[in-house]
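There are 2 protein chains.
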Amino acid sequence: MSEPTKYLLDEGRLPKAWYNIQADLPQPLPATLHPGTLQPIGPDDLAPLFPMELIAQEVSTERDIEIPEPVREIYRLWRPAPLYRAHRLERALQTPAKIFYKYEGVSPAGSHKPNTAVPQAFYNAAAGVRRLTTETGAGQWGTSLSFAGGLFGLEVLVFQVRVSYDQKPYRRAVMETYGARCVASPSTETAYGRSVLAQRPDHPGSLGIAISEAVELAAQRADTKYALGSVLNHVLMHQTVIGLEAMEQMAMADTWPDVIVGCVGGGSNFAGIAFPFIGQALRGGTRARVVAVEPAACPTLTRGRYAYDFGDTGHMTPLTKMHTLGSTFTPPGFHAGGLRYHGMAPLVSHLKELGMLEAVAYTQGECFAAGVQFARAEGIVPAPEANHAVKGAIEEALRCKREGRAETILFNLSGHGHFDMAAYQQYFAGALTDEAYDEGELAASLSSLPRIPAEA
Amino acid sequence: MSEPTKYLLDEGRLPKAWYNIQADLPQPLPATLHPGTLQPIGPDDLAPLFPMELIAQEVSTERDIEIPEPVREIYRLWRPAPLYRAHRLERALQTPAKIFYKYEGVSPAGSHKPNTAVPQAFYNAAAGVRRLTTETGAGQWGTSLSFAGGLFGLEVLVFQVRVSYDQKPYRRAVMETYGARCVASPSTETAYGRSVLAQRPDHPGSLGIAISEAVELAAQRADTKYALGSVLNHVLMHQTVIGLEAMEQMAMADTWPDVIVGCVGGGSNFAGIAFPFIGQALRGGTRARVVAVEPAACPTLTRGRYAYDFGDTGHMTPLTKMHTLGSTFTPPGFHAGGLRYHGMAPLVSHLKELGMLEAVAYTQGECFAAGVQFARAEGIVPAPEANHAVKGAIEEALRCKREGRAETILFNLSGHGHFDMAAYQQYFAGALTDEAYDEGELAASLSSLPRIPAEA
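So the sequence lines, in the order shown, correspond to chains A and B. Counting in this note's numbering, the first sequence runs from 502 upward without gaps. Counting in this note's numbering, the second sequence runs from 502 upward without gaps.
Read the hints as simulated data drawn from the structure, not as lab findings. Keep in mind that the hints are not guaranteed to be accurate.
Repeated chains share a single entry, so a pair holds when one copy, or any two copies, can fit it.
What the hints assert, rightly or not - Subject to a maximum C-alpha distance of 20 Å in a straight line, what follows is the list of computed EDC-like cross-link-like pairs (lysine to aspartate or glutamate):
#1 LYS902 - GLU512
#2 LYS517 - GLU504
#3 LYS902 - ASP935
#4 LYS507 - GLU574
#5 LYS507 - ASP939
#6 LYS902 - ASP703
#7 LYS507 - GLU570
#8 LYS507 - GLU936
#9 LYS822 - ASP565
#10 LYS822 - GLU677
#11 LYS507 - ASP546
#12 LYS517 - GLU591
#13 LYS822 - GLU854
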């Protein structure tokens, strides 16, 4: 019998705890600052937006944070997720490398996002919260929070970036199926949304604007809190179930990754696959190369500055130190909506500065070509975001071929593309452009980063 | 620890043979007749359309037909498929019944259809065929054959029913991702298509017309054959991997179904889950109730006649004895396109006559309500076709509640609804009508069934 195609874990082997990489950092994360005082914030500053349990996770330095049983019960609807050996892709590439991919598209929402949506909904419901607000770009996160909120009896209000709202009505239908309400952002439901619309009635929206709207509503009502799908420490930590399972599955396959590849937007799926492996290296264990793949049109890690910045466009969030293109930067309208964010998770940024990971950027045309090659070999049609990870993995496999090295490559296939077929249609029609950002706009955006006295 | 949510089989436990129910029939299937001579057809009559291996399977009475290793290799991309215990749905219904569902949406195409598309592509490629033609309604079958054909280097040409082609452009994009060509039917590529368009240029198409077009092209070219996604004996047999796996998984769950539920259009997913269990009963083993759920707008088993009829509208196919609404019957345009067929698989029809299964019909509104209830409890958004099975299972669970019986219900969740969200959108907007067929048209269609002297 040939080597297996997939490695499945019994649900009894679902991780019992998330891995918190803050326990293993050689230097702690730079403090998060209050946007008014520029002083480090405390738990009380975040309390209007998040339940105390999540705020505690945000700053915890405990290595293992127990996954509550009601969360594990829901994880079992799709977890542990399968690890695949990409036999057919390897043959198509004629590479001596072994390519493995962890597939997160098996979740009800079709991506890794429910891994954090479910615990976020759980902790909010446990704290007596009645309603959650959030933003969504491509729709993956909004779908996931709609699903998770419904399971815990929470009302969910999703601000969907206008351009996605119009392009992807089916994503909205999924959110409604799960019982959520979804409005286009900028909207008339918030003061900030109204101010944006007053300046430009046909504004296409951005993640930064949608975040401002969701935060504004949550800050106003005691029964309402806000949920973020990426960037924050606790969100990245929830995603580590991906890498923890992959470690068990790599052991089943009797090998260990030489290279780990993930796509990065805010950083959560990348952290999910990579942090458990990086943590092992930080503790003196085996070290793999770790490659973060980002879109050339929004190159936060490869072209951004490591500096304090706002998470949103309306400047309502605290300031965090991260790789950023500047909070006023508006990336061109390419299809990997989930990667269209001006900033990068502080933890990912910090680890980049510590030399624990590399970053590379590809155009969307290159990434779609990789995605189609993958689909024809392996069957699964990846989401445009995941195509970046596929492209990164294929490049590593081709390098192995050139170098004659039989390395083991592990990448995270963070979601399927079933709701993104309009983008594939454009790709086949030759209508997909590799839109470049405006260098002048980037320079202006970077030059208007907030000035932090302590940084001077 | 509570009872598991899902039962996974290792890929080493993928079935090694399909189950052929023809081995266990107390009376053989009525012969298939040549439409011209009205005499039983032989293998040579089918040779222009199908490779000899599939023709042999069509009439075989061997119980176990070995699954070729290249087919099993591809099955392993998603099989064995998971069996779920619907804990949350049971709680929502407050039923004493145990509800299990086999989930076929994990395949690359998102439904059970690749179970037969892969072996059909394999046997055609092995016979030297270069090109396959087929029809598709909702797009599930066209997607599956595109996927399978691509893996074996075959060109695939899909005739998609015009109304679906226009409503679901994303399905077409998936077919193109797998490398297939997809045209709207009726088309100008065939004489039959042109004749239909000449009568009615804006004809919305039907499965029967699309079959005629695909068959016409295949019959004309020696390097081209035809592939059908349901109805035929060999197609139903390929689907029995569903039920064979489910039997192992029910044993893992330490229970056995009292009731088995599936939705029926042509009959293939239903046969897949049910035939291995029915076969056990035919051999004198445990007998479960078996319930086929069909749409009220196309009630083949509950309102059709058991008679010889054509499989297509252009009357190019042989005559088979089956439950039929008449080959000229055009069902109203409801959303479960995969169930919109005038006939029923001869094997399913025969087993109905033998008293081995029951049939029930529901409106699409009832079925969407059931699908939404399911999605909110279990996470997965079912395809409109699969909603019929969900509705059937929920009705059985509610019966158990009324009767205070803790029965075990098994149903087949044949596919996800990711490409059908426009239908859910209409459902939420209250714009979904329960279109009824025209009783006069049904009577006319039934009265024009072909006359078979031997049946008189």
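Cα distance capped at 20 Å. Does LYS822 pair with GLU854 within a copy, between copies, both, or neither? within (11 Å within a copy, 72 Å between copies)
20 Å Cα threshold - placement of GLU591 relative to LYS517: Neither, since 34 Å and 26 Å both go past 20 Å.
How would you label the pair LYS902, GLU512 (within, between, both, or neither) given a Cα cut-off of 20 Å? neither (37 Å within a copy, 29 Å between copies)
Please work out whether the CA atoms of LYS507 and GLU574 approach to 20 Å or closer within one copy, between two copies, in both situations, or in neither? between (23 Å within a copy, 11 Å between copies)
Can you tell me if LYS822 and GLU677 fall within 20 Å by alpha carbon in one copy, between copies, both or neither? For LYS822 and GLU677, neither the intra-copy (36 Å) nor the inter-copy (44 Å) Cα distance is at most 20 Å.
Is it within, between, both or neither when you check LYS517 against GLU504 at 20 Å Cα-Cα? between (29 Å within a copy, 17 Å between copies)
Between the shortest in-copy and the shortest cross-copy C-alpha distance, which are at most 20 Å for LYS507 and ASP546: within, between, both, or neither? For LYS507 and ASP546, the Cα distance exceeds 20 Å both inside one copy (46 Å) and across copies (42 Å).
Within, between, both or neither, where LYS902 and ASP703 count as close if Cα-Cα is 20 Å or less: neither (49 Å within a copy, 54 Å between copies)
If the cutoff is 20 Å on CA atoms, where do LYS822 and ASP565 land: within, between, both or neither? Let me know, please. Intra 25 Å, inter 64 Å, cutoff 20 Å: neither.
For LYS902 vs ASP935, is the C-alpha pair at or below 20 Å within one copy, between two copies, both, or neither? neither (28 Å within a copy, 58 Å between copies)
Alpha-carbon proximity between LYS507 and GLU936, which holds within one copy, between copies, both or neither at 20 Å: This pair counts as neither: shortest intra-copy Cα distance 37 Å, inter-copy 44 Å.
For LYS507 vs GLU570, is the C-alpha pair at or below 20 Å within one copy, between two copies, both, or neither? between (27 Å within a copy, 16 Å between copies)
Hint compliance for this structure: hints 1, 3, 5, 6, 8, 9, 10, 11, 12 are not met, and every other hint is.
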